[in-house]
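**Q** Listed below, chain by chain, are the residues.
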Amino acid sequence: MSPLSVELFTDPACPFAFSAEPVRQRLRWHYGDGLTWTVRMIVLTLEPGEAGKLAQGAPTLQRRFGMPINPVPYPREASSEPACRAVVAARLRAPDRAQPLLRCLRVRTMVGGLLDDPELIDSAVRDAGIDPRELAEWVRSAEVDAALDADIAAARDPAPPARALDHKLGGPAQERRYTAPTYLIGGLAVPGFNPIETYEVAVANADPDLPRRPPPSSVREILTWAEEPLATAEVALIMQTGIEFVRSALREVGRFEPAGADGYWTLASS
Amino acid sequence: MNRTTAWLCATCGVEHAEAVGVCAICADERQWVPADGQHWTTLAELDAAGQRIQVREMERGLLGITTEPKVGIGHQAHLVITPQGSLLWDPVGFVDDAAVQRLRAEGEVLAIASSHPHMFGAQVEWSRALGGVPILVSEPQLEWVARPDDAIQTWRGRHQLAPGLALVELGGHFTGSSVVHWAAGADGGGVLLSSDTIHSNPDRATTTFLRSYPNRIPLSPAVVERITRGAEALGFDRLYDNFGRGITHDAAGAVRRSADRYIAWVSGDFDHLT
Numbered sequence: 017m018s019p020l021s022v023e024l025f026t027d028p029a030c031p032f033a034f035s036a037e038p039v040r041q042r043l044r045w046h047y048g049d050g051l052t053w054t055v056r057m058i059v060l061t062l063e064p065g066e067a068g069k070l071a072q073g074a075p076t077l078q079r080r081f082g083m084p085i086n087p088v089p090y091p092r093e094a095s096s097e098p099a100c101r102a103v104v105a106a107r108l109r110a111p112d113r114a115q116p117l118l119r120c121l122r123v124r125t126m127v128g129g130l131l132d133d134p135e136l137i138d139s140a141v142r143d144a145g146i147d148p149r150e151l152a153e154w155v156r157s158a159e160v161d162a163a164l165d166a167d168i169a170a171a172r173d174p175a176p177p178a179r180a181l182d183h184k185l186g187g188p189a190q191e192r193r194y195t196a197p198t199y200l201i202g203g204l205a206v207p208g209f210n211p212i213e214t215y216e217v218a219v220a221n222a223d224p225d226l227p228r229r230p231p232p233s234s235v236r237e238i239l240t241w242a243e244e245p246l247a248t249a250e251v252a253l254i255m256q257t258g259i260e261f262v263r264s265a266l267r268e269v270g271r272f273e274p275a276g277a278d279g280y281w282t283l284a285s286s
Numbered sequence: 010m011n012r013t014t015a016w017l018c019a020t021c022g023v024e025h026a027e028a029v030g031v032c033a034i035c036a037d038e039r040q041w042v043p044a045d046g047q048h049w050t051t052l053a054e055l056d057a058a059g060q061r062i063q064v065r066e067m068e069r070g071l072l073g074i075t076t077e078p079k080v081g082i083g084h085q086a087h088l089v090i091t092p093q094g095s096l097l098w099d100p101v102g103f104v105d106d107a108a109v110q111r112l113r114a115e116g117e118v119l120a121i122a123s124s125h126p127h128m129f130g131a132q133v134e135w136s137r138a139l140g141g142v143p144i145l146v147s148e149p150q151l152e153w154v155a156r157p158d159d160a161i162q163t164w165r166g167r168h169q170l171a172p173g174l175a176l177v178e179l180g181g182h183f184t185g186s187s188v189v190h191w192a193a194g195a196d197g198g199g200v201l202l203s204s205d206t207i208h209s210n211p212d213r214a215t216t217t218f219l220r221s222y223p224n225r226i227p228l229s230p231a232v233v234e235r236i237t238r239g240a241e242a243l244g245f246d247r248l249y250d251n252f253g254r255g256i257t258h259d260a261a262g263a264v265r266r267s268a269d270r271y272i273a274w275v276s277g278d279f280d281h282l283t
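In order, the protein sequences belong to chains A and B. Mind the numbering: the first sequence is residues 17 to 286 in the working numbering, read in order. Mind the numbering: the second sequence is residues 10 to 283 in the working numbering, read in order.
These are calculated hints, taken from the structure and not from any lab test. Careful, some of the hints might be misleading.
For lysine to any residue, the following SDA-like pairs were computed, each having C-alpha atoms within a straight-line distance of at most 25 Å [to be verified]:
| no. | chain 1 | residue 1 | chain 2 | residue 2 |
| --- | --- | --- | --- | --- |
| 1 | A | Lys184 | A | Pro75 |
| 2 | B | Lys79 | B | Ala19 |
| 3 | A | Lys69 | B | Glu152 |
| 4 | A | Lys69 | B | Trp41 |
Below, a sample of chain B positions facing chain A; criterion: calculated Cβ distance under 8 Å [to be verified]:
| no. | residue |
| --- | --- |
| 5 | Ala26 |
| 6 | Glu27 |
| 7 | Ala28 |
| 8 | Val29 |
| 9 | Gly30 |
| 10 | Val31 |
| 11 | Ala33 |
| 12 | Ala36 |
| 13 | Asp37 |
| 14 | Glu152 |
| 15 | Trp153 |
| 16 | Pro157 |
Chain B residues, not near chain A, derived (Cβ > 12 Å throughout) [to be verified]:
| no. | residue |
| --- | --- |
| 17 | Ala57 |
| 18 | Ala114 |
| 19 | Ala155 |
| 20 | Ala171 |
| 21 | Gly239 |
| 22 | His258 |
| 23 | Asp269 |
| 24 | Leu282 |
The beta carbon of each residue, even a glycine, is placed where N, CA and C say it ideally should be.
Start from the sequences and build out the full structure, keeping to the hints where you can.
**A** As structure tokens, this is what we get:
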């Protein structure tokens, strides 16, 4: 059985996309290797005014969705282009590291880091298991230039089903684009921020035979499975239960690392 | 007292389920995070340091509750006592046995409620100490609750707790900011527990209205007028804010005069004086 392709249009700077990380983690839990992921970069800050909006921070999203975001504004506007370029380079040269790198970039910028800061990118690259000197070479290649340009263009050429949901698109009137996150699941467009059920329906439509792992029986099972520290809200969505129940259970088995207005959990023995 | 593991933000005194990276209430533009970063404490730590609750009678049927030394913002909570039971309003960020016994001695506590998130204090801890008393949170403010609990219930608009005792949402300082209207207070003239929704000034004659008190962010003339009209509709002679200040007589008139002055200033009527 061949895996189902998932193209994820996103941007490490986007707090909506970060607030949707619980959905991505739960899809990974249910479908595992049944999904092949390709992360594609929108580069939100190419649009006038977008960097300014992002620099205001995302306190409301933090409160509403509970991800580890520092609610205070950023010290200045920042371009997400250097970070997006790094993700595209990883996708081309170290495909299995692209999603971990995107995650490491997100985690850092959501607590106030700036995505055009070379030190932040190097630190994220190292944590994702890539040699920063190698990545510095990769990002200068014409191949990465072309791939990033293709991502930017594709993000701004939404599929007809996505155009039918214009309220789920972003950008100026003359150049509508995918918002982050937008999923293309086996070619089915799911633009914008949606509940988990939307994606599960798309997966089932794209591949009715794709095996679906049932929910975990414990938070220990999740932390053992996870390849990266998970936010409380992510564990709650995977467990399909309330956040305070999950928090109590996590305290029994996990180690908590504060970040933003919440934090991340790893297995205590790890 | 059986202490639970809740954390209190040392700056605002609001309880949290976890010692997270930063208190969202303090990181908001209405509050502030100390220059040296986020600090946490616990009820057990405060207890060991000698923290105590002070209770004093403000008038017949109304207790003022403070912490000594101050916890967080250092505000004053109130217990409004009616024949049908009492309301613990704007709970402080500390609980001790003596205070719990004192409150219980006044009869059944019907509910705990706060005017806005800065005043959540140790609301869950108070609820548990008082036997699982419901915590009423204005629905738009639920997203600010950092220690969810089954005792929390939401309300909107107006919530009648007992005859002559109601929570009333006026907005302004926060979406969902509210006041308590106690009709029997002030010897029947009516009391408004206005908290930061309508804040009493040190002159004891006027009030003000702000989005942020520590950071001095104003509200618009339209919002101040809306708050004032909402308060006027309640009928009250006396007003208490959340820091032990108040206006003892003709408080509704004082609020109207203060609103008119505020609106005139922010509308530019007095720019020639600046």
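**Q** State for each hint whether it applies.
**A** Status of each hint after checking the structure:
Annotation: proposed proximity of Lys184(A) to Pro75(A) holds, straight-line Cα distance about 21 Å (limit 25 Å). A distance of roughly 10 Å separates the Cα atoms of Lys79(B) and Ala19(B); the hinted pair therefore holds under the 25 Å criterion. About 22 Å separates the Cα atoms of Lys69(A) and Glu152(B), which keeps this hinted pair within 25 Å; it holds. Proposed proximity of Lys69(A) and Trp41(B) is supported: the alpha carbons are some 22 Å apart, at most 25 Å.
Given the 8 Å rule on beta carbons, the hint for Ala26(B) holds: about 6 Å separates it from the nearest Cβ of chain A. Hint on Glu27(B) holds. Least Cβ distance to chain A is approximately 6 Å, under the 8 Å limit. Residue-level restraint check for Ala28(B) holds (minimum Cβ-Cβ distance to chain A is 6 Å; threshold 8 Å). The beta carbon of Val29(B) is positioned within 8 Å of a beta carbon in chain A (closest approach about 5 Å), and the interface hint is therefore held.
Here the hint on Gly30(B) is kept, as its CB sits about 4 Å from the closest CB of chain A, short of 8 Å. At about 6 Å, the closest approach between the beta carbon of Val31(B) and any beta carbon in chain A falls short of 8 Å, and the interface hint on this residue holds. At a threshold of 8 Å, the smallest CB-CB gap from Ala33(B) to chain A is about 4 Å, leaving the interface hint in force. Hint on Ala36(B) holds. Least Cβ distance to chain A is approximately 4 Å, under the 8 Å limit.
Hint status for Asp37(B) relative to chain A: holds, with the closest Cβ pair at about 6 Å, below 8 Å. With 8 Å as the threshold, the beta carbon of Glu152(B) comes within range of chain A, its nearest partner Cβ sitting at about 4 Å, so the hint holds. For the restraint placing Trp153(B) at the interface with chain A, the shortest Cβ-Cβ distance is roughly 6 Å, inside the 8 Å limit, so the hint holds. The interface hint given for Pro157(B) is met, as the beta carbon of that residue sits about 5 Å from the closest beta carbon of chain A, less than 8 Å.
The beta carbon of Ala57(B) sits about 22 Å from the closest Cβ of chain A, which is more than 12 Å, so the claim that it is off the interface holds. With a closest Cβ-Cβ approach of about 32 Å to chain A, Ala114(B) is found to remain outside the 12 Å limit, as its non-interface label requires. At the 12 Å boundary, the C-beta of Ala155(B) falls inside the reach of chain A, the nearest C-beta of that chain being 8 Å off. For Ala171(B), the condition that its CB be more than 12 Å from all CB atoms of chain A holds, with the nearest at approximately 30 Å.
For Gly239(B), the requirement that its beta carbon stay farther than 12 Å from each beta carbon of chain A is met, with the minimum near 25 Å. Annotated as non-interface, His258(B) keeps its C-beta farther than 12 Å from every C-beta of chain A; the closest such distance is 40 Å. Its beta-carbon lying about 33 Å from the closest one in chain A, Asp269(B) satisfies the requirement of being farther than 12 Å from that chain. No beta-carbon of chain A is positioned within 12 Å of the beta-carbon of Leu282(B); the least distance is around 33 Å.
Comparing the model with each numbered hint stated earlier shows that hint 19 is the single one that does not hold.
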